Amino acid sequence: MTAAHLLVEGVFGFFATVLVISALGVVVARNPVHAALFLILSFFNAAVLWVLLGAEFLGIVLVLVYVGAVMVLLLFVVMMLDIDLVVIRRGFVRHAPLAAVVALLLAFEIGYVFWARHLGLVSLAPPLRPGTLPNTRALGLRLYRDDLYPFEIAGFLLLVGVVAAIVLTLTHREGVRRQDPSAQVRVEPARRIRLVDPFPKGTPGKGGEGG
Amino acid sequence: MPLFDDLAVSAVVFAIALAGMFVNRKNLVVLLMCIELMLLAVNTSFVAWSAWWGGLSGQVAVFFVLTVAAAEAAIGLALLVVVFRNKRSVDVDTIDTLKG
Amino acid sequence: MSLDDLVLGVLLLPLAAALIAGLGRNLVGRTGAHVLTILAVALAFLASALILRRVLADPRPHVFTFYTWMMSGGARFAVGAWIDRLSALMMVVVTFVSLAVHVYTIGYMHDDPGYARFFSYLSLFTFAMLLLVVANNLLELFAGWEGVGLVSYLLIGFWFERPSASRAAVKAFLLNRVGDLAFLLGMAVLFAAVHTLSFRAIFAAAPVLGRTPILGGSGGMTVATAAALLLFVGASAKSAQIPLHAWLPDSMEGPTPISALIHAATMVTAGIYLVARLSPLYVQSATALSVVLLIGALTAFFMGLLGIVATDIKRVIAYSTISQLGYMCAGLGAGAFAAGIFHLVTHAFFKALLFLGAGSVILAMHHEQDMRKMGGLRRFMPVTYITFLVGSFALVAFPGFSGFFSKDAIIDAVGRSPVAGASLAHLLLLGGVFVTALYTFRMVFLVFHGEPRMDEHTRAHLHESPLVVTLPLVALAIPALAAGWVMFRPLLGGSFFAGVFGRLPHGHPLGFVSRNPHLTPLAFVAGAFSEPSFWLMIAGIATAWYGYLYRPAFPARAAAAFHGLYRLFVQKYYVDVFYEVICARAGWLVGRGLSTGGDRLLIDGGLVNGSARLVGAMARRLRPVQNGRLYRYAFVMIAALVAVLGYALLT
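Chains as they are written, first to last, in the working numbering: chain V, 1 to 211; chain C, 1 to 100; chain G, 1 to 651.
Chain V on its own, in the form it takes in the complex (with noise of 0.2 angstroms):
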């Protein structure tokens, strides 16, 4: 085994380990600011994962776009949120023995999947194939030249996403002034200006006195 390779194995097992205790923190997190940040930390770790995979461009997007955008969104609704705790919290530890048990039991068969169907395979190191394209090309040629549809489709849905999202939270509260496009569109002049006689008959102006 080279250096570099021990290198690799070194900075996995660190990240995964990482990741795995983050992603417990989300789970046993009392509070749900304290379970974002942890969920946040988790992307880090998988991040890096990632890019150890070689998949460095989804390792940056998953940063970038995920972390920097999904995540402080949901870090922004929660602290927004006033969230009872104690509510909350309730049952925790009652459904905790059944949540090991069906956890295990998955994590078991997705490990016989891996291991016992596939044994020999999963246990070598992957081919070393150096790319003849760096990831992010490649995977921009495949995106945007053959996936093109698929592409489209999901930015589409994207923009289905943002104007739910939007639709689901807007609201009319009494006594708070909005912008109403229809009203000032379909405005006219004679209703919102209104010529006043400043001096009307019999009244003493002003300035009346010199002229």
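Watch out, some of these pointers could steer you wrong.
[Claimed, not checked] So the derived list for chain V, only partly shown, Cβ under 7 angstroms to chain C, looks like this:
1. Leu24
2. Ala46
3. Leu53
4. Gly54
5. Val77
6. Leu106
7. Leu158
8. Gly202
Since the hints were made in silico from the structure, they are not lab data. On a predicted model such as this, the values are computed, not experimentally measured, just so you know. Just so it is clear, CB atoms sit at the ideal spot from N, CA and C, and this is done for glycine as well.
Guided by the hints, dock chains C and G onto chain V, whose structure is given.
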């Protein structure tokens, strides 16, 4: 770094997220976070397989999963805000209007 | 004018008149309606006479096709005409009687609000009957057949505000449906065997059909027998033969001109015409001929008996009609098709005459039809009396009158027929002669002789009917008297029907008449006095005279003495009761059973509501699952995931 290591990490994170859904069954916020965690685990698995086979298909799949996950997170959070606004709580038990 | 133009004219003139008078009755008015229809029917009569003359010159059947009605799987159904001497003769008879009835109706229906409608129906009926007669295939014939059935229904129920008329109309319609079903089946049998319904093909195939077993079997019934029997069931419904006769007496609920036109002279003869038309088929089946013969003879005798106890003048004539149709049937069954048709023709004249005479009486009696309230009318209505008497003598077959020639020819032919059952039929027909004479003269004596029994008011207003009523009477009395003399030689002895009818395989169909081709009508009359039928007829008249003029108390005593028999007759052999109690009740019960058990319980309750209830019940059970608890859903999903994955791994 054998493939199995990556897949094991992925499976463990997935199982933790799953357990989290059980123990935090009342907290909508943490439930959302657990879903994110699950997606992350799955994505990790995709990337690992992609690296193993040397193809890009796994990474393309991760790309789309990320996209959908972002949309899902946006809508899920919007729903969370709406629920909280109406119920003054994120307790899942309070959301049972759809029962038969 | 070419022959097919004439045929088309005969067909379409009455139809056009019917449509105009019926649909445009507010346009043409009452006078317009009768002028139009009478004109059309008169022209049709003239054209028919022209056609008959042409056919007399050229005896071959003239077959036309006017247009193709439909093509179905290689089978072509055409509307056309088959003009031979039989159909031409029928056309003349139909149009002549129809014309007489049209004219007569002017007087009879004078005060009726449905005047124009009535004329429209009359013309429509004429059209349908003519279509039936000229048809060159069975389907076209069936169209006319259904047409006359429909118009018959409409006319029996003409006074539809009377419940009894509506009931009688429905009854006639339903009983005819029974026959129509058999007719359709018969057509189907023929079509299956010949693959066409045109007469030409059927006649050509008849000898083969007579040897072909039905349904491809090896023995049993032949195709010819099956088809002939089924068609005869249809014919027996239309021609009121036992056991489908029950509608005809009730059809007297219709106006009298209708009774004359439809239920005496034309429509009821459709069945006779059908059998005669298809005679090449019938002669191939000894079984069918025997059935026709026996049904006819039974009808002739037993339905005549009912005429003796009926009190309604029109019902008496109705029973006599059934009885005479029985004679015709018997003639056909014996193989004497010419004699049967001969009787059809003479009967059309004298029976129309009798009905119109009865109508004249009814008119004078202010629509009173009960003979017990009449009597002595000959002093008030001399023309009606004389013509009615002529009709009666023709009916009882008094030598010299038209009915004599045809009926005695039938009796004689049956007596010598080789068809099985002919001797029994012969006895029944001879008995029928006595019965006919008895009920006919009972009617004559009750209505025209003896003491007047009507109330004072009616009696004061008694008078002879107007000219439009008496004129057709006289016009019909002439053929009733003379038709026999004119037609005897050509129809029976001569070659008028040469090639029209099928021939029995052995034995001559026309009995002694044809064996003496030089037999003159006079000789036939002279020979009658030594025949038993003549003396039976005299005995019948004498009995009527004894019972209804000489000793009026005798019938009541006889009725009391033979109480059971009398009841049987009055109840019309309980046929109506049978139909009502057994058939109608059973049908009703089956219908109710299907309605409650099948429709409401099984389909509505079980399938329609049941499926809805099932869904509802399942939904009630499943509803608690949908408890709105988010984590429960998630748990179920995850558990299912784990379970499915585990299952996939284990297998």
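Hints and how they fare:
1. Leu24: Given a least distance of 6 angstroms, the restraint on V:Leu24 holds.
2. Ala46: holds, 5 angstroms
3. Leu53: holds, 4 angstroms
4. Gly54: holds, 5 angstroms
5. Val77: holds, 5 angstroms
6. Leu106: At 5 angstroms from the nearest chain C Cβ, V:Leu106 passes the 7 angstroms test, so the hint holds.
7. Leu158: holds, 5 angstroms
8. Gly202: violated, 58 angstroms
The structure fails hint 8 only (numbered hints given earlier).
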